[in-house]
Amino acid sequence: MKQSVVVIALFAAVMAALPGFLGDNPYIADILITILMMASLASAWNIVGGYAGQFSFGHAAYFGAGAYTTSILLTTLNPGIPVSIAAGVLVSCVIALLTGTIVFRLRGHYFALASIAVAEIVRLTVLNLDITGGAQGILVTKVSFGSLDLNSKVPFYYAMLFLLLVTLGISALIYRSRTGYYLLAIREDQDAAASLGINLYLFKNIALVISAAIASVAGSIYAVYISFIDTSTVLPLRLSIEIILTTIIGGIGTLWGPVLGAVLLVSLAEALRSNMIGEYLVNTGMVSEGSATGAFLKSNLAHAHVLVYGIITVLCILGLPKGILGFFRRKGEA
Amino acid sequence: MKYMFFVITAAFMLLLALPVQGTGPVKIGFINSITGKEAQIGENLTNGAAMAVDDLKSKGIQIVMVQEDDGGDPKNALAAYEKLVTRDRVIGVVGPYTSASANVVASRADQYQVPLLVPAAAKEEITMKGYKNVFRLNAPADVYSKVLLNTIAPYRPKTIAYVYAATDFGVSTVKTAQLNAAAMGLKEVASEKYQQGQPDYRATLAKIKAIQPDLVFLVSYDADAILLMRQAKEIGLTPNAFLGAGAGYTTAQFASQQDISSLVISATQWTDDVNWPGAADFAVRYKARFGKQPTYHAACTYEAVRIMALSALNSKSPQALCATLKAGSWNGIMGPVRFINYSGYTNQNNHPMLVQQLQSGKYETVYPSQFSRKKLVYPYNR
Amino acid sequence: MLFFQSLISGILIGGVYALAAMGMSLVFGVMNISNFAHGELMMLGMYMAYYLFTLLNIDPFLSLLIIMPLTFVFGYVIEKTMIDRVMDHPSENQILLTVGFGLIMSNSALLAFTSDPKILTTSYSSSSIALPGGISVSIPMLLSFLVTCILTAALYLFLAKSRTGMALRATSQNREAAQLMGINVSRMSAIAFGTGTLLAASAGAMIAQTYYIDPFAGHIFLLKSFTICVLGGLGSVIGAGIGGIIIGLAEAMSSAYLSSDWKDVLVFILFLAILLLRPQGLFGKKGEQ
Chain U
944 MKQSVVVIAL
954 FAAVMAALPG
964 FLGDNPYIAD
974 ILITILMMAS
984 LASAWNIVGG
994 YAGQFSFGHA
1004 AYFGAGAYTT
1014 SILLTTLNPG
1024 IPVSIAAGVL
1034 VSCVIALLTG
1044 TIVFRLRGHY
1054 FALASIAVAE
1064 IVRLTVLNLD
1074 ITGGAQGILV
1084 TKVSFGSLDL
1094 NSKVPFYYAM
1104 LFLLLVTLGI
1114 SALIYRSRTG
1124 YYLLAIREDQ
1134 DAAASLGINL
1144 YLFKNIALVI
1154 SAAIASVAGS
1164 IYAVYISFID
1174 TSTVLPLRLS
1184 IEIILTTIIG
1194 GIGTLWGPVL
1204 GAVLLVSLAE
1214 ALRSNMIGEY
1224 LVNTGMVSEG
1234 SATGAFLKSN
1244 LAHAHVLVYG
1254 IITVLCILGL
1264 PKGILGFFRR
1274 KGEA
Chain S
11 MKYMFFVITA
21 AFMLLLALPV
31 QGTGPVKIGF
41 INSITGKEAQ
51 IGENLTNGAA
61 MAVDDLKSKG
71 IQIVMVQEDD
81 GGDPKNALAA
91 YEKLVTRDRV
101 IGVVGPYTSA
111 SANVVASRAD
121 QYQVPLLVPA
131 AAKEEITMKG
141 YKNVFRLNAP
151 ADVYSKVLLN
161 TIAPYRPKTI
171 AYVYAATDFG
181 VSTVKTAQLN
191 AAAMGLKEVA
201 SEKYQQGQPD
211 YRATLAKIKA
221 IQPDLVFLVS
231 YDADAILLMR
241 QAKEIGLTPN
251 AFLGAGAGYT
261 TAQFASQQDI
271 SSLVISATQW
281 TDDVNWPGAA
291 DFAVRYKARF
301 GKQPTYHAAC
311 TYEAVRIMAL
321 SALNSKSPQA
331 LCATLKAGSW
341 NGIMGPVRFI
351 NYSGYTNQNN
361 HPMLVQQLQS
371 GKYETVYPSQ
381 FSRKKLVYPY
391 NR
Chain R
5 MLFFQSLISG
15 ILIGGVYALA
25 AMGMSLVFGV
35 MNISNFAHGE
45 LMMLGMYMAY
55 YLFTLLNIDP
65 FLSLLIIMPL
75 TFVFGYVIEK
85 TMIDRVMDHP
95 SENQILLTVG
105 FGLIMSNSAL
115 LAFTSDPKIL
125 TTSYSSSSIA
135 LPGGISVSIP
145 MLLSFLVTCI
155 LTAALYLFLA
165 KSRTGMALRA
175 TSQNREAAQL
185 MGINVSRMSA
195 IAFGTGTLLA
205 ASAGAMIAQT
215 YYIDPFAGHI
225 FLLKSFTICV
235 LGGLGSVIGA
245 GIGGIIIGLA
255 EAMSSAYLSS
265 DWKDVLVFIL
275 FLAILLLRPQ
285 GLFGKKGEQ
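Protein chains in written order, with my numbering: chain U, 944 to 1277; chain S, 11 to 392; chain R, 5 to 293.
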């Protein structure tokens, strides 16, 4: 426990000081904010997926519920950002409890498929209602919070950092608590856990509600940060899958795995999206721009970045089934 | 081994952080949906932009265009814009394609003060917020329904049914269509929103057939247009006119399906038979290079990149470029272009949209009258 | 009239759903894997049918004879080289592997064929038979339905009567016991995945004639197939066949009598209801897990 506290504190200090070194670079700040957001989401998922072993494929629903509740409130009643975020958490927790009571009766594949179904129902409902802006989405502008400059990246960086630290703190606490032991017992063998008197529904729901609340706050911050949301950006199945992928590639069931996964996957996706690797090879003179390879790197790689991402995913799952942290842990023990 | 991962990660971050070196020719950015669900239309934009750059090059005008993919996601579009502005130091940006992405990037353009020229996104809101650095070449969504209904108004139809994609463009277009139709005294008898990508719309179309509306107003921007018309023919849905808004009804592929697409009326930003300078020539050269007819997205992007490049050449700084765009006027394949303020819009090109009808497999412009060569065939009768 | 029209088009489109879902159900039953690349396997079939028709002028229904063996081999090889390695891994890893494989397939298709949608137009693409009362029956859909029935019957006979079929069913019922009985379960997995690929690609080839073809065209069928599999009972091939028709009907009827935008919500609610009230599905024998 002490060790975790020290490492988290060290991480907090480094991350808090980071913007000072980067100076005014909004592009890098944006990537860092995305990394912090994915790290929070993956850590939140890790509580229910990694500790309790319940593989929810519908976490986008909680992220989206937070984003939508906050945006709707800010553009209508405008009770201020904190109240709007809290309202988002409330809505997400209600959805989580409803989902939990329905889908936690199921196990394995059935649970995974049911969680997708719930998330799709949420997405389609938002798409068909008027209050949510339907397919047109919501543009969140003219929001203010005290004297903070919300056009700058700094407040969002620290907001996401704070969320991640809280998430890591909660994860570390749960892991060492009685609840944590119960969750691990449920993950290892549900029937054995039940026969020991562990209330399966109660503890699975506790894990899910905590996880949903964190995802919801991330969604709320995202909505204010990007200032526009629609169903294809905050509620897609793709987002749910990305959250799981981040956790698994980093190391499922570990404290720092989700963070490591977010750092790697977000920077990789951005480097591929902006074709930075091809551009780097051309700019450093390794490949001439006029040559066939140069032309390929410049034009075709732009189409292929998701392909490369897919190949890396498959290689990681095949080569590092326990994630990067899991891989080292095993090596260390041997 | 453990350290290797940190080294790789650090290398990535460093790669992202390094600004691009060197000062060469004028640099502009281009944000587009190359991958993702909007990639089908994005490809036309890519082609149009590539042709514009090559045409300028052949005239001895050297510009560098940095291309970015947003995958149809506004978050990526914003990251791309910020990268272009702060890392690549471009002085102007063309794009993004989708309304959602354009909306988000537009809201930040005044903060970075680097002009954004939107080539083809239709959402009205983009140029209605008074942003100084946001310009739009194409006509916004409300014009689609306005020109279509104006074309048909002289024939005094009485009832209208809507079938439209559950997307931003579909919903916005139908909302304005409902206002315009109400002003004309048209009675709405059905309104069916559909999810894109479904294979079967027969039950929905059969429902509309039972009501027998005079007009069927469709909004689709992909190949689902062909699907809908195919199934409409199969079911035997025959209103007096099919009105198509959205790119799905203006493609060469749609025109080639003569037995289902004949006499469909559609709204478009551009056709090659209008007497705008270079329009016909552009179509011929585009077809020779890419092996297909240019869509209006390709033409809009071609002209947007050309305008942005020519203006950037004389400007050297984003602020000066903004002033050049604001003051300038151009006359190319999209007709006369000027970015003006009118009825709530800021820096919006008041582009006249065209209405065309497919007559024996060819798009014929039927509205407005100064551009039309053929007469509208009404009622629809196959 | 509206009722009968919706009834007929619901059943016909349900046939295509059924074929796609049967492939998924077979894979699930034998291998206990949820295949998230199923839509991409359908997309493969669509492009094959398209190019066989436009380049070699082979009618899409005839081209099934070429597509089926090729895709079987493709599926067999993919199982042996990729999925076989994660058979003992946790199910979320298996799911993510198929997600990654799907990304590779759809984005390779994007590079190879571009995102331009392809339209397969045969001489009978939009022709229909007019029944009394103004009801029309699409000819390509009717033919697809007949082919689906033949394939279903063939699959049923294969599973019920052939040695391999019985071994597949034994593996599906109890993998360990099957192995102890001397069945090569690893080979059964590859055969199941090959057959699943074949069925998905056939469904793709048939829908291609009335749909459009692009690298992401299979996506819409993925969640539908899952829903149908659960409805019919995960692993039950016949259940998937009947489940497909039920979903096709539910969609058509809700478009006709409710509104087309809520029909998917209705399908998912139906899905959850089945999961809760009868988790083994309408025709499944296995219980939870």
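Since the hints were made in silico from the structure, they are not lab data. Every value quoted in this text rests on a predicted model; they were computed, and no experiment measured them. Watch out, some of these pointers could steer you wrong.
Label-pair distances were calculated between CB atoms; the ranges are [unchecked claim]:
| id | chain 1 | residue 1 | chain 2 | residue 2 | range |
| --- | --- | --- | --- | --- | --- |
| 1 | U | Ala956 | R | Thr85 | 41 to 51 Å |
| 2 | U | Val1109 | S | Gly195 | 53 to 63 Å |
| 3 | U | Pro1022 | R | Leu147 | 41 to 51 Å |
| 4 | U | Val1109 | R | Arg282 | 56 to 66 Å |
| 5 | R | Leu281 | S | Asn360 | 57 to 67 Å |
| 6 | S | Ser339 | R | Leu74 | 53 to 63 Å |
| 7 | R | Leu150 | S | Val294 | 42 to 52 Å |
| 8 | U | Thr1044 | R | Phe8 | 51 to 61 Å |
| 9 | U | Arg1048 | R | Met91 | 37 to 47 Å |
Where is the CB? At the ideal position from N, CA and C, for every residue including glycine.
Hints and how they fare:
| no. | hint | in the structure |
| --- | --- | --- |
| 1 | Ala956(U) with Thr85(R): 41 to 51 Å | holds, 47 Å |
| 2 | Val1109(U) with Gly195(S): 53 to 63 Å | holds, 59 Å |
| 3 | Pro1022(U) with Leu147(R): 41 to 51 Å | violated, 60 Å |
| 4 | Val1109(U) with Arg282(R): 56 to 66 Å | violated, 41 Å |
| 5 | Leu281(R) with Asn360(S): 57 to 67 Å | holds, 59 Å |
| 6 | Ser339(S) with Leu74(R): 53 to 63 Å | holds, 58 Å |
| 7 | Leu150(R) with Val294(S): 42 to 52 Å | holds, 46 Å |
| 8 | Thr1044(U) with Phe8(R): 51 to 61 Å | violated, 41 Å |
| 9 | Arg1048(U) with Met91(R): 37 to 47 Å | violated, 27 Å |
Hint violations for this structure: numbers 3, 4, 8 and 9, all remaining hints satisfied.
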